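As a plain string of letters, each chain reads:
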Amino acid sequence: MNTLDIQHLSKRFANARFAAVNDISLALKNGEILALVGPSGCGKTTTLRLVAGLERPDAGEIHLNGRVVASDTVFVPPEQRGVGLVFQDHALFPHLTVSENIAFGLRGRKSAEIRTTVNEMLELVGLTGLASRYPHALSGGERQRVALARALAPRPVLVLMDEPFSSLDADLRGAVREQVRSILKAMQATVIFVTHDQEEALYMGDRLALINQGRVEQIGAPEEIFHTPATRFVAEFMGASDFLRGEAIPEGIRTEVGWLPQPAYVSQPVQVEIALRADDVDFELSETGNAVIVERFFRGAFNVYRLRLDSGQVLHAFKEHTQILPVGARVRAYISAGHPLAVFQNGQVVSNGAE
Amino acid sequence: MQRTLAYWFVASTGRKSPTSPWLAIAAGLTALFVAIPLVYIFFRAAGAEPAAWQRLLQARLWQLLGNTLLLVVAVTCGALVTGVSMAWLTERTDLPGRNVLRAMLALPLAIPAYIGGIVHLALLRPRGGLILLALEEIIGRPVATPSPLGFWGAAFILTLFTYPYVYLLSGAAFRSLHASLEEAARSLGRTPWQTFWQVTLPALRPGLMAGALLVALDILAEYGTVALLRYETFSSAIFVQLAGRYDRSAASVLSAVLVILAILILWAELRVQGQRRFTQIESNWRPAIRITLGKWRWSAFLLVASVVSASLLVPLGVLIGWSLQAFADPQTLEAVFRAGSRGFGSFVWNSLWTSLLAALLATALSLPVALLSVRYPSRISRFIARFCQVGYALPGVVIALSLVLLINRTLPFLYATPLVVVLAYVLRHMPQAVRSSESALNQLSPSLEEAARTLGRTPLQTLFQVTLPLILPGLLAGAALVFLTSLKELPATLLLRPPGFDTLAVRVWVWAGEGFYVQAAPAALILVLAAALPLSFLLRQEQIFSDSSIS
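Quick mapping for you: the protein sequence lines, in order, are chains S and Z. Per my numbering, the first sequence starts with residue 536, numbered consecutively. Per my numbering, the second sequence starts with residue 8, numbered consecutively.
Here chain S stands alone, though its shape is the one from the complex (with noise of 0.2 Å):
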């Protein structure tokens, strides 16, 4: 059985042109982290919302641990569906302790109880000697590791985290992930995780959830969202810098630079694009080439630069930070990926590599 069951959910907010969610469809088995992710107003934060039960559906039904909470028929209020939040601002409440923060949702259970589990929890998230501080008196770090012990200590079915690192110093974000992650990992925890950063969904979810205007575009392991991306807005948001045109027949591709050996799903010649990141393009000096050297960026371990092909369209390169070459040379441009390309028609794949 899943913890998690979403099937058609959509919302739509009164007055909105489109809809927040819609039509998602979605599963969680037990102990996996997802993490949903997507350009801010894709419907991430609603469908999560709509999961905790601070939203309703206008359509489609939400199961936990196979129980029913939202359909059309149905409304669970949030308190009753043991679903643990970790907000974007945290919501810690200003006028209670960390342990009272963290006791806040034990309510009812025997005072011994609640005080083992605060402590365990305390200690869980490495926060043992601040447990009578109040939240003003917290670091970032540390606002964020109790607002998760506080979502965690009721033991809920389901975590939900909402850009969860979003307020937190960039050097900070780092070390608090590695350990947000262990501890989830270590409490077996079933984890929706939101976030608009592609690199930390990589790093936070056994699978990946791609958002966009409210529809999911792909899902799957990081990997496979990463390698063989099924539309051409998973490309460019797992970070494909160029989408190269060309025309695909069965064999391959030809592209303005080369030709590309990749056998695509087409019946007769189609126009595709080619998505590449900057490592999958090199380039050399050549008075015959295809494309001239229009800027060069210096980024310390390696130079970018950016290339204009004959044809007007732009592509970039990396060299290594030694290679200097001078703005304006003539060059020929070449793939040099060394392994399968996405490539879309009509923003759908049309070829990937593999079979």
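Quick caveat, the hints were computed from the structure, so don't treat them as lab data. A portion of the hints provided could be inaccurate.
To be verified - Where chain S lies over chain Z, by a calculated footprint (3+ residues, C-beta under 8 Å):
hint, stretch
1, 445–456
2, 473–487
As the list claims (entries may be wrong) - Computed from the model, here is a short list of chain Z residues facing chain S with C-beta under 7 Å:
hint, residue
3, Arg297
4, Thr461
5, Leu462
6, Gly463
7, Arg464
8, Thr465
Remember, predicted model here, so these are calculated numbers, not experimental data. Beta carbons are placed, not taken as given, at the ideal position from N, Cα and C, and that holds for glycine.
Chain S is already provided as a structure; the job is to place chain Z on it using the hints.
For chain Z alone, coordinates are given in the frame of chain S:
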């Protein structure tokens, strides 16, 4: 059915889960409650016999309208100029003693204008004014001093005791204004003078407008001062019709015109409020550099000092002097403590319990309104919140009139009980409570309430365990404001009190009206001190007239 009703309430912007119908009902009842006197006044005015309209239109109405508008415009302008310049001098320049002056400039809010008027009148009266007598003594012959009676006197006195509204609003705005805004203007080639007119003042404009319109509403409602200084406005004319001639239909007609005028101003104020944005102090905020006044330093100090003297030090000093005189003279002392049905203690007690009860009731009633409008924004909830501000547009005399008529007709057992006085305070001062509660709720992140829900609390438990404890300071500020203004209230108390039920304000008014200044002074002093307590709490919280939140 419940679900559809709830959806109807969140129809326009429902970002949240649907409204609890109970909350909507509670807020709706509050709106209904404040609507009653308003509707009833129009009902009575429409029902007045045409002859009453005819009489008023022919003779009095236009003159009253002219008088009232003239005073409103004069005082509003005076308060704007005084308030902004005082705020600028204390917040933006190196004025000597600015920290002490800053607090003193706000304190006149604790002095009811009619008490200030009584003091200034006693000092400057054309015949027998204390200053006049003193000058005569020194020079040896009668001298003419400007008279505080009539239009100019009323405008002067009312400016002195209403400028703090503008002063506080613009002071807060000066403080929170980002220094880089003015620095940007300077770097783009503006002189400090041009910067002030082209950047600073426009940035403050919404706040200033709101303050000015509040002053205007206050002046429309003012009774004590204009009656004392014998300048006839709508409020005082209605009072005379009610208390003296007892012509209720004339009073109703005048009230309806007055309320229409007030509603127009209130409508403008609500619109301006809607345009105001939170001036947020960002992390990189730093105070603007103070302007060096140089050789103007001491003239500026004199200017501020004279405003402080006229509005605070002189009234307070005279009241203290008179009180000492009263205590020194056994006969007066006996008169002070014997007067009324149950003596001095009962005035103090009556003032305190009526104002306190009004503060509690208004705050409690404001809560569902604020919850509905802040947490479940919709066209209807916004309408209810705005409608509950109508008390600003109902002068004390108008509320008194409608309550007299209404209670006589529908709830006669309440007639001539002090509860009617409390009711009037609640109706009149509800807007302050609603604004404070809304502003407190706006500053509370909804995610705190949502967190409580996901941790197993029902909406009601969330309200009591999370929302209320966290907005308590804001609610207290609202209650303090209602308490303060109820304590100072005069006309409705005079008209509605049961015989023998005296409050401090009433006693001061009656004694001063009979010319017993010395006898009135201890009561006036206690009234001012009692008002200063909640005021200082509000000033410390910076909650007073700050960010209200109607959008």
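>> To test your reading of the hints: which numbers does this structure violate?
In response: The structure conflicts with hint 3 only, although it agrees with all the remaining ones.
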